Every structure is written in C-alpha cells, then in structure tokens.
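Q: Sequence:
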Amino acid sequence: MSKITITDHPLIQHKLSILRDKNTSSKDFRILIGEIAMLMTYEATRDLPLKDVQVETPITTATTKKLAGKKLAIVPILRAGLGMVDGVLNMIPSARVGHIGLYRDPDTLSPVEYYCKLPADISEREVLVVDPMLATGGSAIDAITQIKKRKPKNIKFMCTIAAPEGLEALSKAHPDVDIYCAALDEKLNEHGYIVPGLGDAGDRIFGTK
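Position 113, counted from 1, in the sequence shown is what the working numbering calls 113; the numbers after and before it change by one each time, with no gaps.
It should be emphasised that the hints constitute simulated quantities derived from the structure, not laboratory data. Take every hint as true, because none was put in to throw you off.
In silico lysine to any residue, SDA-like type, Cα no more than 25 Å apart, as pairs:
#1 K22 with H9
#2 K153 with L82
#3 K66 with D52
#4 K70 with V97
#5 K71 with Q146
#6 K71 with S94
#7 K3 with V195
#8 K153 with G69
#9 K153 with A120
#10 K66 with S94
#11 K65 with E43
#12 K65 with V55
#13 K153 with D52
#14 K27 with M38
#15 K66 with V97
#16 K151 with P119
#17 K148 with S2
Just the calculated beta-carbon pair ranges, DEER-fashion:
#18 P196 with V55: 46 to 54 Å
#19 V112 with F206: 15 to 23 Å
#20 K65 with T208: 41 to 49 Å
Given the structure is predicted, the values throughout are model-derived calculations rather than measurements. Even for Gly, the Cβ is constructed at its ideal location relative to N, Cα and C.
Sequences and hints are given; from them, build the entire structure.
A: This is the structure in structure tokens:
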C-alpha cells in the first residue's frame, strides 16, 4: 500500500486554517495554497537522490551534496493544481512542469481527460503530481495512470486536503505512489465535496464560480 504522510507542521496547519475560512479572498487563497505547497515540498522530496560534488569554499575544498540526475517534474492536475506549482518551483527552480487536464462529470463524478502534455524526458525524472483536493480520488488515479505510461522513475502525489474515500481509492489503485497531504478531513458529502473542506479550490484560486 502507499505510504501516506500527513505533513502537520504548525506553519502548515496555521495557513490551512486561514485557507478554509470562507471569507479569505482569492488573492490570499492563491498565496496560501502556494506557501503550503512550498512547505510540503520539503517533506515530499526528502528522499531525492544525491551525488557528491567538489566545491571551493573561501577556505578550502569541500565534498558536498547536490541533487543527482534529471531531478523533478511537477505535474499539476488542471486547473486547481496550478495553484501549487509556484510553491514547488520556489523550492526546486530547475523542475520541469507538465500538465494534465481533467474535469469531473457532475452526474457520475468520474474524471474526463481533455489535455495531457508532459516533459519529453519524464522517464528520467521523479514526478510530483499536485492537486489541492483529493476527494473521490478519480482525477488523481486517472492522471497517475496516464503518467505511468511514460515510465517515470517514480511518482508521488501531493494535495492540501484529502477525504478518507479518496485516500483509500488512490492508495489501492496505485499502491506504489506515496501520498502527501496537509490534512485528512472527515468525509465526502452527497455532492462529492470534502467535509469540512474548503469549497471548490479552483474557484477560490481563480475567483470563479
């Protein structure tokens, strides 16, 4: 089964409380989503491979560590996932960014794919799939299925809030994918929204309804 990590750092939990507030503006919501993603990236990248390099300090030569290989690819699930990209890039500026577009059928709640563009060298990279909400898990499962066809080195999934139903579905569908979230909420309601959640992340990021 997937390794599930709740990154419950005090700074993340503080920012998450403001994020949930219905009175938080779209501007502040966007900033907070990015800041939480940046803080979560620290934990999600803990096991990235390193290599030894020689560096000239002002005093002498030192053997130090740098990231090895092609490093990371970030793949946001459109559109809400875009809100997390800058936060990850603040930590890893050299990461490549792909995009997967999915929307949820309002009747079946199943994901429908309409766009997929990934880095050409994705097979040489660790992939971090990002989406603020893990609700039913359908979009994340489908996105990861599409990425696996390109045979990346490794895939992780990072979200802000997860529902138990989505967490279980994703870990069963892709037991080799580690999952990182800032909060595990109570449940899904009859409309497929996370409770207590924070509403529609895409609408709140971009100021749409």
